[in-house]
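Asks: Listed below are the residues making up each chain.
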Amino acid sequence: MAEDKIKVADLNAWFGSHQVLKDIGFSMSEKTVTAIIGPSGCGKSTLIRCFNRMHETVPQARVSGQIQLSGKDIFREDPVRLRQRVGMIFQKPNPFPTMSIFDNVVAGLRLNGVKDKSRLEAVARQCLIKAALWDEVKDKLKDSGTSLSGGQQQRLCIARALAVSPEVLLMDEPCSALDPISTARIEELIHELRPNYTIVIVTHNMQQAARVSDFTSFLYMGELIEHGETKQLFTNPREKRTEDYITGRFG
Amino acid sequence: MTNYGSRRFVNIFMFCASLLSVVVVLVPLFLVLFFIVSKGASSLNWSFFTELPRPVGEPGGGMGNGIVGTLSLIGLACLIGVPLGIFGGIYLSEFGKGRFALVVRFATDILNGTPSIVIGIFAYTLVVLPMGHFSALAGGVALGVLMIPTVIRTTEEMMKLVPNALREGALALGVSYSQTLIHVILKTARAGIVTGILLAVARIAGETAPLLFTALGNQFWSTSLREPIAALPLQIFTYAISPFEEWQKQAWAGALVLIGIVLLLNIGCRFAINNRNMKRR
Amino acid sequence: MSANTDRTFERISLVCAIGVVAVVFLIGSVLLWESSPVFQKLGWRLLTNSQWDPVGEEFGLVPFIYGTLVSALLALLFAIPFSLGIAIFLTELSPDWLRGPTAFLIELLAAIPSVIYGLWGIFYLAPWLRQSVEPLLIQLNLPLFRGPAYGIGMLAAGIILAIMIIPIIASIARDVFQAVPMHQREAALALGATRWEVTRLAVLKYSESGILGAIFLGLGRALGETMAVTMVIGNRPEISLSLLAPSHTMASVLANEFAEASGALHLSALAAIGISLFVITFLTNAAARFLVWKVSGVAVAGRRE
Ligand SMILES: Nc1ncnc2c1ncn2[C@@H]1O[C@H](COP(=O)(O)OP(=O)(O)OP(=O)(O)O)[C@@H](O)[C@H]1O
Ligand SMILES: [Mg+2]
Numbered sequence: 025m026a027e028d029k030i031k032v033a034d035l036n037a038w039f040g041s042h043q044v045l046k047d048i049g050f051s052m053s054e055k056t057v058t059a060i061i062g063p064s065g066c067g068k069s070t071l072i073r074c075f076n077r078m079h080e081t082v083p084q085a086r087v088s089g090q091i092q093l094s095g096k097d098i099f100r101e102d103p104v105r106l107r108q109r110v111g112m113i114f115q116k117p118n119p120f121p122t123m124s125i126f127d128n129v130v131a132g133l134r135l136n137g138v139k140d141k142s143r144l145e146a147v148a149r150q151c152l153i154k155a156a157l158w159d160e161v162k163d164k165l166k167d168s169g170t171s172l173s174g175g176q177q178q179r180l181c182i183a184r185a186l187a188v189s190p191e192v193l194l195m196d197e198p199c200s201a202l203d204p205i206s207t208a209r210i211e212e213l214i215h216e217l218r219p220n221y222t223i224v225i226v227t228h229n230m231q232q233a234a235r236v237s238d239f240t241s242f243l244y245m246g247e248l249i250e251h252g253e254t255k256q257l258f259t260n261p262r263e264k265r266t267e268d269y270i271t272g273r274f275g
Numbered sequence: 211m212t213n214y215g216s217r218r219f220v221n222i223f224m225f226c227a228s229l230l231s232v233v234v235v236l237v238p239l240f241l242v243l244f245f246i247v248s249k250g251a252s253s254l255n256w257s258f259f260t261e262l263p264r265p266v267g268e269p270g271g272g273m274g275n276g277i278v279g280t281l282s283l284i285g286l287a288c289l290i291g292v293p294l295g296i297f298g299g300i301y302l303s304e305f306g307k308g309r310f311a312l313v314v315r316f317a318t319d320i321l322n323g324t325p326s327i328v329i330g331i332f333a334y335t336l337v338v339l340p341m342g343h344f345s346a347l348a349g350g351v352a353l354g355v356l357m358i359p360t361v362i363r364t365t366e367e368m369m370k371l372v373p374n375a376l377r378e379g380a381l382a383l384g385v386s387y388s389q390t391l392i393h394v395i396l397k398t399a400r401a402g403i404v405t406g407i408l409l410a411v412a413r414i415a416g417e418t419a420p421l422l423f424t425a426l427g428n429q430f431w432s433t434s435l436r437e438p439i440a441a442l443p444l445q446i447f448t449y450a451i452s453p454f455e456e457w458q459k460q461a462w463a464g465a466l467v468l469i470g471i472v473l474l475l476n477i478g479c480r481f482a483i484n485n486r487n488m489k490r491r
Numbered sequence: 101m102s103a104n105t106d107r108t109f110e111r112i113s114l115v116c117a118i119g120v121v122a123v124v125f126l127i128g129s130v131l132l133w134e135s136s137p138v139f140q141k142l143g144w145r146l147l148t149n150s151q152w153d154p155v156g157e158e159f160g161l162v163p164f165i166y167g168t169l170v171s172a173l174l175a176l177l178f179a180i181p182f183s184l185g186i187a188i189f190l191t192e193l194s195p196d197w198l199r200g201p202t203a204f205l206i207e208l209l210a211a212i213p214s215v216i217y218g219l220w221g222i223f224y225l226a227p228w229l230r231q232s233v234e235p236l237l238i239q240l241n242l243p244l245f246r247g248p249a250y251g252i253g254m255l256a257a258g259i260i261l262a263i264m265i266i267p268i269i270a271s272i273a274r275d276v277f278q279a280v281p282m283h284q285r286e287a288a289l290a291l292g293a294t295r296w297e298v299t300r301l302a303v304l305k306y307s308e309s310g311i312l313g314a315i316f317l318g319l320g321r322a323l324g325e326t327m328a329v330t331m332v333i334g335n336r337p338e339i340s341l342s343l344l345a346p347s348h349t350m351a352s353v354l355a356n357e358f359a360e361a362s363g364a365l366h367l368s369a370l371a372a373i374g375i376s377l378f379v380i381t382f383l384t385n386a387a388a389r390f391l392v393w394k395v396s397g398v399a400v401a402g403r404r405e
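Chains as they are written, first to last, in the numbering used here: chain A, 25 to 275; chain B, 211 to 491; chain C, 101 to 405.
In short, the hints are calculated from the structure, not lab data.
Note that the Cβ used here is the ideal one computed from N, Cα and C, for glycine as well.
Don't take each hint at face value.
[Stated by the list, open to error] Computed spacing ranges between beta-carbons, pair by pair:
(1) LEU198/C with ARG134/A: 26 to 32 Å
(2) ASP203/A with PHE310/B: 39 to 45 Å
(3) GLN84/A with PRO453/B: 31 to 37 Å
(4) ASN260/A with GLY379/B: 51 to 57 Å
[Stated by the list, open to error] Think about it this way: if two alpha-carbon atoms lie no more than 16 Å apart in a straight line, the pair counts; the simulated EDC-like pairs of lysine to aspartate or glutamate are:
(5) LYS305/C with GLU145/A
(6) LYS116/A with GLU110/C
(7) LYS307/B with GLU286/C
(8) LYS305/C with GLU286/C
(9) LYS166/A with GLU145/A
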């Protein structure tokens, strides 16, 4: 196995006095897909929001412990720079409604001061192709981002995240607001992105976790119950609670 | 990225700029409060509250008639503004649907945005012209109309905050709608509605423009509704633009009293609202 | 019997609701009725004449309209950057612990009665302008800053008005910003935006028309504000390009002359000013309401306190 891309150790997270994550520790290799599963409210979103330090932007929220990205502690890094390296896709597609499709994709680049029109166009095209959206939008790049369907909007958000060339992509239930066909397209897309990015995906859907991921973490009440290869975890879980959850004998 | 430094700089710069705008705007607040307290306190004594204004040249005297006048005008205004406002608010939250409710809301907003001096002309035409002279009644009408929008809006908001479960609970028990309204909804919303009324009072207590040609002002004690009546803000105005130093001093003292009333009402309401919100959470 | 009280209750509240609408109509019609003599006598001359001489029965509204517009626009010019700065600070950039106290103080600013601002304006603002600010402005030698430094005048009125409308614009802009969904901010944040870039990208763009609505509400208030303006503007119905010169507004002439109107036509002319003011603020507020609603569904927080 290659060197760990992300390494989590003794991670605790709170909202006010409510501890949401307890002593989480595991690691992810480069260019793999890791799924995080667990019942609602167990802290999945909180966990991945620690990876790009979005958790700390919530008032009263705190973290302790360590997360290393390529061997460097992210809590010592500047969060703004970190977030360029660690992109995020949200549960509900959230394109900027006042911007065109094109402007949405290059929003991150523009923040970085890229003004060169041909460069922006090239990146937009490339990212839309990567996000499997190019063919559908290439003739209406000037239209508003919200004129697209939900599934297209989600792929637009993926293209937007890709445009700042992140190393890691965090996806928080990216398909839960989408229909089955759009879901299938996103799953395909994850397959296509895998060779180039380290992906962490939160999902409620165990079939989805089994389909798209190499590794799976099972989180329960803020604790990491089990982490392992997806195939092994789904066919032969080590923990009783994991088994109960994946067989649906749970809350 | 190469320009990250400049982005951070812009970020810090904008933070400072926004903080600065807060500070700059608070400067006049503190200046106003500071001058009123420092200038007003020296002329403020017991007789200010009990005595009539003295003629020019005689030091001392007070604005007792203005304070009483303002209180009477507020009372009169409440007689008009409170029932209209509360029932209007009840209409909007409980019965109002469709186009007419939109019209009522729109009218409330327009009324809220109408300059108070225009409402003064309205009261002048409606009351002063038929009566043939200025009167406390006319001032009360003007201030009453000014209260309406605030009272309507808070009443509506407060009634809407009452959980639907409470209504349905009462209705399910076979209690009639009006009884539910009176005993459940209004009772729950009461504190909020009272707060709204007090805020409206705080607002009209300092209103001057519509009183200029309705209540007019009065140098003497008068409690008759048909006569012109003194009012604290009117007296502050008259004395402030007068060329006599004693009178100007009185104006500062009056301002101190007025701002005391207005700020107490406001701060009190603010705390009442915050407390309630805390409890609800 | 209870069904009966139910009906009564509904009827009473309906009557009151109709009453509120009726009041607005009444205000309009009363003003129209009162101003009709002067409209009949002078017609459009009213709106083109720049002479105002009640004794000579010459009534032109131009100086007042000019004074009202210029003072209100001047106030907006000062107020917009500060109000938006405050609203941005309160919703986006402020540390948590500072938010409550700041908002509270800004609200206090809105609670101070107009006449008290006027008092302060006469005795502190105007003298300060006369001694410290206006001499410097005069040295700039621009047409905007000509003539003797009185202290009292258009500039003083603009500043006082700005102080009075800042809390209004700021509080509505704050409501508008708060209505921007959190996920919009997170979208920008996750792209690696700084706090300010989040504000610019996700918040300001999203709330453009709401901000415009807030500005219109502030404008409406500035157009109709009476006492403080009357006390510091100098009350002279003259049109002067210089901001240092005394001026007059529609509201301030009403405050000065209505109680002692010298005759029926004078009163009617003042009522004509009243209805013009009513119509202008009506349009401004209607536009504001429309704009604020369009974006955010924020109940038009046209608080006047
Ligand atoms: N902004 C917040 N403030 C306070 N508590 C929060 C906040 N967000 C989440 N929580 C709490 O933290 C816990 C974990 O939330 P989290 O969103 O991480 O769960 P999740 O596993 O993602 O759930 P879901 O599957 O429903 O998305 C929950 O108990 C929730 O109530
Ligand atoms: Mg979640």
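Asks: Now tell me, hint by hint, if it's right for this structure.
Replies: Quick rundown of the hints versus the structure:
1. LEU198/C with ARG134/A: 26 to 32 Å: Holds: the Cβ-Cβ distance is about 31 Å, inside 26 to 32 Å.
2. ASP203/A with PHE310/B: 39 to 45 Å: holds, 41 Å
3. GLN84/A with PRO453/B: 31 to 37 Å: violated, 58 Å
4. ASN260/A with GLY379/B: 51 to 57 Å: Holds: the Cβ-Cβ distance is about 53 Å, inside 51 to 57 Å.
5. LYS305/C with GLU145/A: Distance of about 22 Å is beyond 16 Å: violated.
6. LYS116/A with GLU110/C: Violated: LYS116/A and GLU110/C sit about 43 Å apart, past 16 Å.
7. LYS307/B with GLU286/C: violated, 37 Å
8. LYS305/C with GLU286/C: holds, 15 Å
9. LYS166/A with GLU145/A: Roughly 12 Å between the alpha carbons, so the hint for LYS166/A and GLU145/A holds.
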